Structure formats: C-alpha cells, structure tokens
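Visitor: Residues per chain are reported as follows:
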Amino acid sequence: MTLDHPVALAPADRAVQLLGGDLTEKALRLHLDGLSGVDAVGLEQRAAGLSTRSIKTSSKAWALDTIIRTCDLTSLEGADTPGTIRSLVAKAVTPDATDPETPRVAAVCVYGDMVPYAVEALGSLHAAGGESGIQVAAVATAFPSGRASLAVKLADTREAVAAGADEIDMVIDRGAFLSGRFGLVFDQIVAVKEACERPDGSVAHLKVILETGELQTYDNVKRASWLAILAGADFIKTSTGKVSPAATLPVTLLMLEVIRDWHRLTGEQIGMKPAGGIRSSKDAVRYLVTVAETVGEDWLTPQLWRFGASSLLNDVLLQRQKLRTGHYSGPDYVTVN
Amino acid sequence: MGFLEYAPAPESAAILNLKSEYGLFIDGEFVDGRGEVFDTISPATEEVIASLAQADEKDVDRAVAAARRSYEKVWSRMSGSDRGKYLFRIARLVQERSRELAVAEALDNGKPIRETRDVDVPLVAAWFFYYAGWADKLEYAGLGPNPRSLGVAAQVIPWNFPLLMLAWKIAPALAAGNTVVIKPAETTSLTAMLFAEILQQAELPPGVVNIVTGPGSTGQALVTHGDVNKVAFTGSTGVGRMIARSVAGTSKKLTLELGGKAANIVFDDAPMDQAIEGIVNGIFFNQGHVCCAGSRLLVQENVHDEVIDRLKQRLSTLRMGDPLDKNTDIGAINSAAQLERIRTLSDVGEEEGAERWTADCVIPDKGFWFAPTIFTQVSPAHRIAREEIFGPVLSVITFRTPAEAIAKANNTPYGLSAGIWTEKGSRMLALADQLRAGVIWANTFNRFDPSSPFGGYKESGYGREGGRHGLAAYLESSGWDAAGSSSASRAVTSGAPKTSAPKNSAPKKQRKATQKAVAK
Chain B
1 MTLDHPVALA
11 PADRAVQLLG
21 GDLTEKALRL
31 HLDGLSGVDA
41 VGLEQRAAGL
51 STRSIKTSSK
61 AWALDTIIRT
71 CDLTSLEGAD
81 TPGTIRSLVA
91 KAVTPDATDP
101 ETPRVAAVCV
111 YGDMVPYAVE
121 ALGSLHAAGG
131 ESGIQVAAVA
141 TAFPSGRASL
151 AVKLADTREA
161 VAAGADEIDM
171 VIDRGAFLSG
181 RFGLVFDQIV
191 AVKEACERPD
201 GSVAHLKVIL
211 ETGELQTYDN
221 VKRASWLAIL
231 AGADFIKTST
241 GKVSPAATLP
251 VTLLMLEVIR
261 DWHRLTGEQI
271 GMKPAGGIRS
281 SKDAVRYLVT
291 VAETVGEDWL
301 TPQLWRFGAS
311 SLLNDVLLQR
321 QKLRTGHYSG
331 PDYVTVN
Chain X
1 MGFLEYAPAP
11 ESAAILNLKS
21 EYGLFIDGEF
31 VDGRGEVFDT
41 ISPATEEVIA
51 SLAQADEKDV
61 DRAVAAARRS
71 YEKVWSRMSG
81 SDRGKYLFRI
91 ARLVQERSRE
101 LAVAEALDNG
111 KPIRETRDVD
121 VPLVAAWFFY
131 YAGWADKLEY
141 AGLGPNPRSL
151 GVAAQVIPWN
161 FPLLMLAWKI
171 APALAAGNTV
181 VIKPAETTSL
191 TAMLFAEILQ
201 QAELPPGVVN
211 IVTGPGSTGQ
221 ALVTHGDVNK
231 VAFTGSTGVG
241 RMIARSVAGT
251 SKKLTLELGG
261 KAANIVFDDA
271 PMDQAIEGIV
281 NGIFFNQGHV
291 CCAGSRLLVQ
301 ENVHDEVIDR
311 LKQRLSTLRM
321 GDPLDKNTDI
331 GAINSAAQLE
341 RIRTLSDVGE
351 EEGAERWTAD
361 CVIPDKGFWF
371 APTIFTQVSP
381 AHRIAREEIF
391 GPVLSVITFR
401 TPAEAIAKAN
411 NTPYGLSAGI
421 WTEKGSRMLA
431 LADQLRAGVI
441 WANTFNRFDP
451 SSPFGGYKES
461 GYGREGGRHG
471 LAAYLESSGW
481 DAAGSSSASR
491 AVTSGAPKTS
501 APKNSAPKKQ
511 RKATQKAVAK
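Note that the protein sequences, when read in sequence, are chains B and X. Start counting the first sequence at 1; every next residue gets the next number (our numbering). Start counting the second sequence at 1; every next residue gets the next number (our numbering).
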C-alpha cells in the first residue's frame, strides 16, 4: 500500500455516517476488506437446511399470495413491443381471471424505452410510488452489461424516471469491482441515485443489481452488498437474469445477512430482490422462509422484498387454484402474456 | 398468526406397522424373553409405543450361543464378497424403508424427524454401503495378508442415535466376518426391532445378528459373557470404566466410545454467520445428546459480545415441539432421568455464578423438554465447564490468544472432538496439531462420514470406529502374531470351505416389495 493522495468519494449519507466525514476510497476499501469471510460450505449448508421447511395449508396459502404481491412481473426481451408490454400489464393487473381475489403483483419490470407503454396501459392503476396499485420498474444504466460511460448510464436513468418509472434497477460495473476499483463502483451508484430524483424532489426507488453470477465468490457478494448499501441502494438485487447462475438461495441468504447486519447497526431496513431462475412455487416459498428466518417476516412486504420473475407467476397461480379447488388444473387454465 | 408460526406439518405415524409387543431377536427369530416385559414410550408425549422383552442371563447365553454357531458354521466360512452382498442388501432395505425408520426413531427417541430423515437414517444406509464394500477387501485394511475375524462381538449402544450406533457397530463387525449380539439402550430399542425385521427380509443367515433388549443388567450379562471375543461399547465414561474393568484380564478385545466435553473454538477472524450456525449445530443438534457435542464454546474475547448476541438471536428462531413435525428443530429430551440430570447441572451452573440465558420456547405440557440454554461468565473450574451435561446447554468461556485457546480446550479429562473456526488455514492446521481430541472439525461441526475414523483421546475412550481404522477393531492380523493367538474361536480362517452363499439375485421378499413399489 502506498501513501497516495486519498481519493475522495461522493459523500453518500450512509457511508459518511459509518466511515466518517472525509470519505475516501481507502476508508471504503478498509471497511470492505475488514468484513468477516464467508465459508461457502457452511453458507450452502444453512441454505439447504432452510429449504427443508415444510410449508402447508394456511401457511402455504399466505405464502402463495405473498409471492404474487411481491412479484416484479418482468419482460426484458430484445423483441418486446408496446403490444407485449400491454399484455404484461394486463397480466399484472389480473393475474388469474378465474379468481378476482387474487392479489395483484407489485410491479412490472421493463426496459426504459417501454416505460411509457407500461404507464399508459396501467392508467389509473399506476401506483406511481404510492401504496396501492402497480409500480413501474425500469432497468437502466446500460442493462444488463453496464458497459457504457457514466454519462450514458445517467441519461438512461433520467429518461426512464422522466417517462414515469417508479423504480430503477441499475447494474453495477462488475469489471471495476473485480479489478478492485471500489470507489468507481461506489461513485456511480451515488450518481445514479441522484439521477433518480424527479424535478418535484421525489425520488424513484433504486435497486442495485450486483450480478452475483459474475462476482463469482461469496466474499465478493458480501463486499458488493455492503458497497451498494453504503452508496444508497434502497434494494439490493442479485442478478439481471441474463447471466447464469442468476439468483440462488445461498446468495440470497448471504445478501439478507448483510441486510440484517445493516439493520442491527442502524435500524434501517434495506430491500432485497432475487431475480432470475426462480420458476416454481416450491422454490419461491423457500425464499420466503429464508427471509422470515434471517431478517424477519417484517420484510415480506412489497416495500422490502421482491421476486424478479417472469414464469414464476403462472406456477404460483396453478398452486393457488389447487389449494382453492382441491385439484390440479393445467397450464391451459392460466394465461400466457 | 404470523407466517413464521408455520402451520403444522406432521409426518404421519400411520406409515408404521408396529406390533404391540416385541421379543428378543435370537437366531433369526423373535422369541420371548425370560425377564419382565417393559414399555418403551414416546418422550414427547409419554405415551406407550410398544412393550419389549427383557433378556436375562440365560437369554443372553442363548443369543451368544446362536452367534457362536452361526460364526463357526456359516459366517466366518463365507467369502468376503458374499458377506458384502448381504450388507449391500441391508443397506438397500434401509433406504427402501427409510421413511418408516425415520418416523419410528423420532417417535421413540424424541429427536425431530428432520434429523432422523436427513441425518440418522441416510447415515445408517451409508455405513452399511461403505462396509459392504470392504467385506472382500480386508487384506487391504492395513493388517497384513488374510486378517482374521475375532469371533462373537458383544455390542452395547446408547440411546442418542439408536439406529445409527447400531449401524456403526454391526456393519464393520459383519464385514470383517464376526457375528454379533447387540443390546440397544433400554429407552430406544424400537428401531432395532424394525432392523431385525429388515434382517429377516434380507434373509441374513440366522444367528449372525442377535438383538437382546433390556436394562443395564442385560448389557452387563452380555459383556461379561465368557464366550464373546470382542466387546464394543458406546455410552457414558462411568459405564465404560466398569466394562473395561470386567474385560481386564480376559482375551476379549475392547473398543470404547465414551463421553466428551468438546471445545468449539471461535477466533475473531471466523466466518461469523457460519460460525454461529456451527455453534448451534454443535450443541443443539439432537438436543445436545451427542457425545462429540461442542458443549464448551471457546470464543476470542474481542468478539465475545457479538457472538453471544448473534447466537441468542439465532436461537430464538429455533422451533421446539412435536418431533414428528417436519419443521421442528429441537425435540424432546430422551428420558425423565436425563432431563433431571440436565436440570441439576444447569442449576449448579447458576449456583456457581455463571449467567444463564434460555431461549423463549413454549414447553409442551406432557413429555420431557429442555429449552436451549447458554451459560456465559463460565470459568474452567465450573462443573458445567467440566462435566458432560448431554443436553442443550452451552458453556461459554473466553480466550485471548491461540495458546490460551489450546490450553483451555485441552484442559479436560475428555478428548473426543473439537471445532476450530477461523479463516486462516495455517492457524487451523497448527491448532489441529495441538488439540488432544480424536475428531477435529474446521469451519464445520458434527459432520459424519463412514469413511472417516471416529474415536477419542483420554477418558473419551479407545479404538476407532469408521473408515479403514474401524475394521481394525474387528480384525486381527494373521501374520504378525500368528504364534500367540490360536484359540478355538479364531481358528477358522478365510481359507475354509465356503457355505451358504446368498443367491446373486435379490431375495424373494425384497423382489416383491420392489415390484409393489413400481406398481404404485
């Protein structure tokens, strides 16, 4: 280590609070390097243990509804059109036409240029950051790779917010993270967070995607989670869904442990969003169990917990129909979007 | 009601097809015992499950005679590969009936179904599979060419892992060519009776395994019997000492796996969340009824408060209750007597000045229960730091340097196991080298594998179970001491004519069972 001139970082509130007023890259690095390590075998063993919980009857019914209520119904395809987005919104509004009691999903998650169509299709059901209705989340910052200049990333973000996005799902610069330029990653998150501000002073919620499949090690996931929270993330999110592996239970457990530690330290609640690869109800219920037993069931609300998924919803609806009617129907009894 | 109060998810006991009465299993048949009949109860409800026969000296004599006959006429003459076939068959039947065995064990022992289903029963099958593979490879066991079996093995097992301890004892003994008379613990004989049915299903030749049930006196009659060649015991150090005394001066070989007071050592650079899991798993797994339990937590002073704080938070998520509920983490204490011992020692802990913390659990009305408990401010002189409590009670002691950790960890008459939690590999290895314990876990705890030898230093016993080393307890070298030992029981060598080999195909009963399963 050399005695370089310390590189000052953008003074994000949380980081200043934890690391001190003269926020430097070195202070951030010392904090991240000082975190206790993660034993991969032990972490995976704990996740496997949580997977054996048996959720039945009334607990299962509640869990299925909670999965729907906390779902970011997602379409992130190069082939998306205004039509497919309208169809996505229709599904978000009425997940199961055979049962009007079915809850609505938390949000639709689309590319930035599709935001106007989503907002239009939602009409009066657009929650616009409020408690009722459906939010519009937009991926931004050169999703999924994040390989663009900061100016482009910020423009991408501002445009989505201006078009009516309530939530921004940004990606971190994994290249910078893996090469140890924590300050760069940090400053970019802070800048994107600023770009989430609207002219009226309100702010779009920021979800920070770590792309854990590219970070590779659990130690990296832990550091990146702390970094994102310190820089101002409202949510931390596992993956873009474009890289394999996407969300896994051990990675989600680890990120939840960081969220729990932040809460122990400051009393502040950070949200969590696993995304990609969660396709079955059974799998999703394991995530709910992991949340409840790691950070507490307070987190199982759309304000603090989301599933990023596209095909999960229909499996949950089938399970829900089964609980309601006592028999399994089939894929033709739930709608495609 | 919150989500965390998961709706009941009980495993159905209806899968069991229990008899109301069980006899002794001698010479391949269930026979009446001569002693009084006694009940086995569910420690979670105190309800009677079945009644069992008590074997007296004459019953034991009959069982040993059956084992002797079958040793001399059948088992020791059989080729290793044929013995292996029987063991493989037993392993497969254990797997086929795993759900049933898991339910019976949870019911009879009080431990949660999650553990019997995910730990006990899979390990039982693994043990038989592992030693089945050894049966025809004994010359590679490290004892020279043609190692010889010992004869009849008398085995006495504890109540904490009833079926698993049975497997630890029977599998290597049979693989090595010995026959067995085994006595399960008085409070947990039920799965041994189901295992006897499996032996019948496997068409194991009569007399190769005999099971006698009863109290301590039955065990005493067994280990002191004049015609046994080998005594293997797992249980308390007190009883182990008595057995060692009674075997002294005889030609019987002896292995003892006794008590422990393991140190689980947590350094400040440990992977913290996994260490917390390891502490929980170390002492609260199986209600702490584990001889290798990490009952002394040695934690580095600078992280003591944080560790204890996190540990308490984690313990408050443990679920205590119905052992048959699939979400239960902590089951019932096995017996009223054991509960009394745990209570007494915990009270002593408080009287001696340690600070007691107990997890907030709803204690069911009936049955034997003890909520997870932590003692802090424990000094190495306290009784709760020295005596084996054998319950869900953790004694926390601090240290400042690695040298102090080693000194405190080794400062016990026991030496069965130890745990080390650090991210620093060199420290892990240096410590493992200096800890006087038979099993050392690094960044994990209470992990078992049939290929890994298990056993103690000092008052934790002698001999090893598991792995290649476990075979040495049931074999002797034919080359190295050929001159000295030629007693009748050891005269039969592997060169003798082979008899009664099992057919290559599965036995009829098993074939039928398999077809039925497919038809479903």
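One or more of the hints may lead you astray.
To be verified - For the chain B half of the interface with chain X, some residues (derived, Cβ under 7 Å), not all of them:
1) ARG46
2) LYS56
3) THR57
4) TRP62
Everything labelled a hint here was simulated from the structure, so no lab data went into it. Everything numeric in this text was worked out from a predicted model, so none of it was measured. Where a beta carbon is used, it is the ideal one built from N, C-alpha and C, also for glycine.
Visitor: Hint by hint, say whether it matches the structure.
Guide: Going through the hints against the structure:
Because the closest C-beta pair between ARG46 of chain B and chain X is about 5 Å apart, less than 7 Å, the hint holds. Below 7 Å, beta-carbon pairs count as interface contacts, and LYS56 of chain B has one with chain X at about 5 Å; its hint therefore holds. Checking THR57 of chain B against chain X: minimum C-beta separation of about 5 Å stays under 7 Å; hint holds. A hinted interface residue such as TRP62 of chain B counts as satisfied when its beta carbon comes closer than 7 Å to some beta carbon of chain X; here the least separation is about 6 Å, so the hint holds.
Comparing the model with each numbered hint stated earlier shows that all of them hold.
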